[in-house]
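In UniProt numbering, the protein residues as written are 1 to 295.
I should point out that these hints are in silico values taken from the structure, not numbers from a laboratory. Keep in mind that the hints are not guaranteed to be accurate.
Here are the in silico distance ranges between beta carbons for each label pair [to be verified]:
1. 132 x 211: 38 to 44 Å
2. 6 x 247: 38 to 44 Å
3. 180 x 222: 20 to 26 Å
4. 165 x 132: 19 to 25 Å
5. 75 x 228: 40 to 46 Å
6. 17 x 44: 18 to 24 Å
7. 251 x 6: 36 to 42 Å
8. 221 x 155: 22 to 28 Å
9. 238 x 97: 38 to 44 Å
10. 65 x 222: 50 to 56 Å
These numbers were taken from a predicted model, which means no experiment stands behind them. Glycine included, every Cβ here is placed at the ideal spot set by N, Cα and C.
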Amino acid sequence: MSESAHDAVVVGYDGSPAARRAAHWAAREAATRRRRLVIVHAFRWPLTELTQLRTEALVLSEDPFRTEYQKLVDDLVEECRPLAGGNEVTGELTPGEPVDVLNRLGAHANLLVLGSSGHGAVHQVLLGSTSAELVRSVDAPVVVVRETDHPAHHRRVVVGADGSSTSSRAVDFAYDYATRHDAELVAVHAWSDLPLDALAPVREWDVNWDEIAEQAKLALSENLAGHSAKYPDVRVRHMVTMSKPVEALLEQSQNADLVVVGSHGRGAVRRMLLGSVSQAVLHYAKCPVAVLRAT
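Using the sequences and the accompanying hints, generate a full structural model.
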């Protein structure tokens, strides 16, 4: 199983419309990355919902369910082939907990793609917890696709940059995406985690705010310097703001095809703050979100 996913774009599929949209997005991304696409349907056996029925006469056979699940996967494989740019598209039906299965595959994947919600309210909660767990544990980049089935059309990618190791990986991912999709890159550096109202009492301090802003701009430029040299064709817009990181990223992502964040930021406190930032962006952004962990 791990061999089939090695260096491939892997997408989790549970039969829901959201997961189908994620698979379509993954197929288009596989085309630009020139990678194989592996569609994975992980199912638990015996089915929890059915085994809760209180009857001794109930005998469950796996075969009818496996046949139906396999048909779902095969149909989606055929849907995705025209979107994958001639790259190989395969499907896998694997018994096991979705987190465990996708964790194993994600260890070998080039990219792991998930839908933002699943079948119904309960499945939405389950997939939400699955996504949250995989974002924390998978070394490969994880993209959670919001409820859209449209290819990238804004030609704009937003990335949070704070100079941390995860941020550096996120910036590199964003540059790579931008160059493959001929997109503008908006690099956001929210240098203050405090709201403007909280800064009001200290505005009388003898602080040169213009100088601080310039230092922040310089720090952002330094964070991007190596990436800009590697991707000279990417159009980059620098944005330094005093807004909260979540507010700044969500505002800029409103007309974006992708927003990219690191799972954590600088230092212990910073790590906690940006951990919550990445989760908030995953929850509220209207476009797909990529989350990068430090390797």
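Check the following: the C-beta atoms of residue 238 and residue 97 are separated by a distance inside 38 to 44 Å. For residue 97 against residue 238, whose Cβ atoms are near 43 Å apart, the range 38 to 44 Å holds.
Are residue 251 and residue 6 spaced within 36 to 42 Å by their CB atoms? 38 Å, holds
Does 20 to 26 Å hold as the CB distance between residue 180 and residue 222, or does it fail? Distance hint for residue 180, residue 222 holds at roughly 25 Å.
If you check the beta carbons of residue 75 and residue 228, does the distance land in 40 to 46 Å? For residue 228 against residue 75, whose Cβ atoms are near 43 Å apart, the range 40 to 46 Å holds.
CB-CB spacing for residue 155 and residue 221 relative to the 22 to 28 Å hint: 23 Å, holds
Please test the hint of 18 to 24 Å on the beta carbon pair from residue 17 and residue 44. Cβ of residue 17 to Cβ of residue 44: about 21 Å, so the range 18 to 24 Å holds.
Outcome of range test on Cβ distance (residue 132, residue 211; 38 to 44 Å): Since the Cβ atoms of residue 132 and residue 211 sit about 40 Å apart, the hinted range of 38 to 44 Å holds.
Does the Cβ-Cβ separation between residue 65 and residue 222 fall within 50 to 56 Å? For residue 222 against residue 65, whose Cβ atoms are near 55 Å apart, the range 50 to 56 Å holds.
Satisfaction of the hinted span 38 to 44 Å by the C-beta atoms belonging to residue 6 and residue 247: Holds - the Cβ-Cβ distance for residue 6 and residue 247, about 39 Å, lies within 38 to 44 Å.
Does the Cβ-Cβ separation between residue 165 and residue 132 fall within 19 to 25 Å? Check passed, 21 Å falls within 19 to 25 Å.
Every hint, counting from the list given before, is met by this structure.
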